[in-house]
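**Student:** Protein sequence lines, in the order shown, are assigned to chains A and B.
FYI, the working numbering numbers position 130 of the first sequence as 342, with every residue one higher than the one before it.
FYI, the working numbering numbers position 22 of the second sequence as 234, with every residue one higher than the one before it.
Derived from the structure by calculation, the hints contain no laboratory data.
Certain hints may be false.
[What the hints assert, rightly or not] Okay, derived cross-link-like pairs now, DSSO-like style, lysine-lysine, Cα gap no bigger than 30 Å in a straight line: (1) A:Lys405 / B:Lys405; (2) A:Lys258 / B:Lys314; (3) B:Lys317 / B:Lys366; (4) B:Lys287 / A:Lys405; (5) A:Lys317 / A:Lys295; (6) B:Lys314 / A:Lys287; (7) B:Lys366 / B:Lys314.
Here's the letter readout for the chains.
There are 2 protein chains.
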Amino acid sequence: MADPIDFYFDFSSPFGYFAATRLPGIAERHGRDIVWRPILLGLAFKITGVTALPLTPLKGDYARIDMERISRLWKIPFNVPSKLPIASQAPARITYWLESHKPDKKVPAIMALFHAFFVEDRDISDPEVAADVVASVSVNRDALLAATQAPEMKKRAHSETEAAIERGVFGSPFFIVDGEPFWGSDRLEQVDKWLETGGF
Amino acid sequence: MADPIDFYFDFSSPFGYFAATRLPGIAERHGRDIVWRPILLGLAFKITGVTALPLTPLKGDYARIDMERISRLWKIPFNVPSKLPIASQAPARITYWLESHKPDKKVPAIMALFHAFFVEDRDISDPEVAADVVASVSVNRDALLAATQAPEMKKRAHSETEAAIERGVFGSPFFIVDGEPFWGSDRLEQVDKWLETGGF
């Protein structure tokens with residue numbers, strides 16, 4: 213089987229959420245697996261000098277229009293969270309803990325976390341909230357809460373981000389397909405075409 | 213007739229060039245005129261705190277891959293200029309001078325300037341080069357050279373940029389369609405759909 217698609221995203225990124233709803237269909241159509249890799253975008257911003265989109269003058273106002281418009285166009289349930297951006301350590305650490313301990317729960321947990329934040333406006337940066345959300349996909353809540361504080365999970369979320377930056381990742385969503393980098397949910401059609409044609 | 217599409221771009225922007233090659237077909241299909249408005253993006257960057265794309269760590273390297281890939285996908289002649297970004301005052305001032313004095317030469321001049329910079333790697337930030345390029349579409353070269361230094365054209369390029377920022381413009385290309393803002397050549401399909409449906 214061909215190599216999987218590396219899918220990097222930050223749980224605080226609306227465009228990461230949009231991509232998470234569409235990438236699986238594209239990957240499946242081309243017989244590819246996806247490696248889901250939550251990252252801590254703040255670490256990349258230290259290198260690029262970029263400010264989080266919602267906090268950038270002019271751009272932040274436009275981004276809100278743009279994300280709401282895309283959600284309508286793609287028919288994705290979406291409400292701009294009352295707090296944006298948020299710190300994404302807790303959901304990232306939970307995701308990597310699941311990868312090691314309950315791998316079949318990893319993707320359902322990611323989708324539940326995205327839904328809680330971008331549809332129900334629940335603040336998943338709070339470890340208690342993140343644990344509640346993921347407990348709903350049948351994982352033990354205490355284990356999840358412990359994962360948000362576990363030193364090895366703190367280290368893991370960091371090292372995954374550093375490895376991503378090493379590969380040139382600086383934004384969310386970011387896809388690497390057979391070595392080719394694509395940034396942004398608006399590049400999904402190119403990803404689709406790349407998978408179909410093997411490059412253009 | 214319906215209102216024209218406001219098309220804002222910086223002559224130093226590869227994605228502005230890509231948009232310039234595709235927007236006319238979209239506008240024509242929907243019976244819309246285009247108002248072509250070169251701006252000086254550096255003034256907007258002072259407000260957003262954004263660094264020019266090619267100079268941003270990580271993002272700049274990706275941008276080069278992205279622009280070359282788009283040029284191949286859309287089959288647009290393109291070579292990454294040896295100097296990028298450049299100051300775009302000279303071509304902007306020439307464009308506004310043509311708008312007032314030779315309006316039928318304005319769009320051919322814009323396309324000739326983009327082609328000179330993004331295909332032939334000629335440095336159109338140099339007033340002499342910009343005047344040479346636009347002289348090729350049958351405008352008097354001395355008048356063009358004078359326009360690059362004329363106080364009223366300096367003022368005009370500035371005030372057009374300030375008016376654009378006032379409307380929320382912060383990047384290139386930027387389109388405003390019946391009051392709706394769209395940023396990026398990757399939003400042209402949405403512009404097309406917006407014109408077709410009247411909004412979504």
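**Student:** For every hint, state whether the structure bears it out.
**Tutor:** Hints versus structure:
1. A:Lys405 / B:Lys405: 21 Å, holds
2. A:Lys258 / B:Lys314: 48 Å, violated
3. B:Lys317 / B:Lys366: OK: lysine 317 of chain B and lysine 366 of chain B at ~20 Å, within 30 Å.
4. B:Lys287 / A:Lys405: 15 Å, holds
5. A:Lys317 / A:Lys295: Holds. Lysine 317 of chain A to lysine 295 of chain A sits at ~27 Å (cutoff 30 Å).
6. B:Lys314 / A:Lys287: 46 Å, violated
7. B:Lys366 / B:Lys314: Measuring from Cα to Cα gives roughly 18 Å; hence the hint holds.
Violated hints for the displayed structure, listed by number in ascending order: 2, 6.
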